[in-house]
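Engineer: Counting in my numbering, the sequence shown runs from 1 upward without gaps.
If you are wondering where the hints come from, they were derived from the structure by calculation, not from laboratory data.
Predicted model, so just to flag it, every value in this text is computed and none were measured.
Some hints here could point you the wrong way.
[Claimed, not checked] Below, simulated DSS-like cross-link-like pairs (lysine-lysine); rule was C-alpha separation at most 27 Å, straight line:
id : residue 1 : residue 2
1  : Lys101    : Lys35
2  : Lys42     : Lys71
3  : Lys42     : Lys101
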Amino acid sequence: MRLIIQPHFLFKGTSLPSIISNDMLSIDSALLDFKRLDLLAKGDTAIHRLDPRAKVLVTLAFVVTVVSFGKYELSAVFPFFIFPAVIIALADLPVGYIARKVAIICPFAVIVALFNPLFDRATMIEFGPLAISGGWISFASVLIRSALTISAALILLCVTGFPSICRAMETLGMPRAFAVQLLFLYRYIFVLAEEGSRVSRARELRANGKNGLGMKSFVPLLGHLLLRTWLRAERVHMAMLARGFEGNFNTRHQFTFGRRETAFLLCWSTSFFILRCENLSLLVGSLVTELFT
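When you get a sec, could you build the whole thing from the sequences and use the hints?
Structural biologist: Right, dumping it as structure tokens:
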């Protein structure tokens with residue numbers, strides 16, 4: 001005689017999907033989100049096939065150029081949206097996905113520039129009765145530059161992959177120990193997310209719905225999660241040592257900096273230099289004004 005226990009008997013009429021909380025679903029979605037970045041980096045476009053060092057150098061030049069603008073130079077920054085738009089199109093990246101990620105991080109820039117309109121009230125632009133102070137211009141400048149730099153870094157991650165970025169930075173002069181630490185930190189995020197999903201699922205299954213889900217349970221839960229991830233990370237490291245790990249992450253792809261990479265670097269660097277020296281938005285605006293007057 002076999003004893004068959006149905007799941008709804010254990011949870012007093014509560015179905016199994018209903019006890020899965022939003023926290024656990026958010027952890028799983030975050031883990032899938034990280035994996036999607038790795039999947040995007042495995043594309044086979046012309047941008048993906050470029051040497052990672054060229055892409056890192058171009059992104060670095062882009063970020064330095066955008067950050068070098070003054071807080072009131074708002075119109076001169078707009079032409080730099082050409083770079084992320086062209087790379088997204090050539091690499092066939094999902095525009096909506098990139099935009100959502102940038103929108104998630106941009107609120108931190110809002111916090112940084114939140115008090116600019118309060119402290120800088122000098123009028124700089126007047127549109128009839130409407131007066132715009134320098135604080136609002138600097139506020140908008142911070143937001144736009146943040147969106148540009150964040151999108152550039154995210155696009156670099158989507159077309160290159162974090163391990164290739166770290167290896168490229170190591171070949172460009174970054175200390176090997178720092179590169180290895182970054183790689184381990186990146187991999188630890190996956191370990192933390194997977195263990196967090198398991199701990200959250202076990203907690204939900206033992207809580208019988210919403211009973212016992214108070215804030216007091218989160219303290220031992222976080223400590224248990226830290227111990228689980230720590231122990232699993234040690235097991236992963238021991239497995240790596242058993243397989244001959246000596247501090248280097250070897251990949252199958254060999255870096256080759258050829259003519260395509262040189263042309264990619266020179267073209268974009270020259271474009272950034274020209275856009276930095278000349279206000280393209282002001283030039284186009286003056287030409288349009290002359291045509292219609």
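Engineer: For each hint, tell me whether it holds in the structure or not.
Structural biologist: Okay, the hints, checked on the actual structure:
Only pairs whose Cα atoms come within 27 Å are accepted, and Lys101 paired with Lys35 is accepted, the gap being roughly 14 Å. For the hint linking Lys42 to Lys71, the alpha-carbon distance of about 38 Å lies beyond 27 Å, and the restraint is violated. Only pairs whose Cα atoms come within 27 Å are accepted, and Lys42 paired with Lys101 is accepted, the gap being roughly 19 Å.
In the structure shown, a violation is registered for the earlier hint numbered 2 alone.
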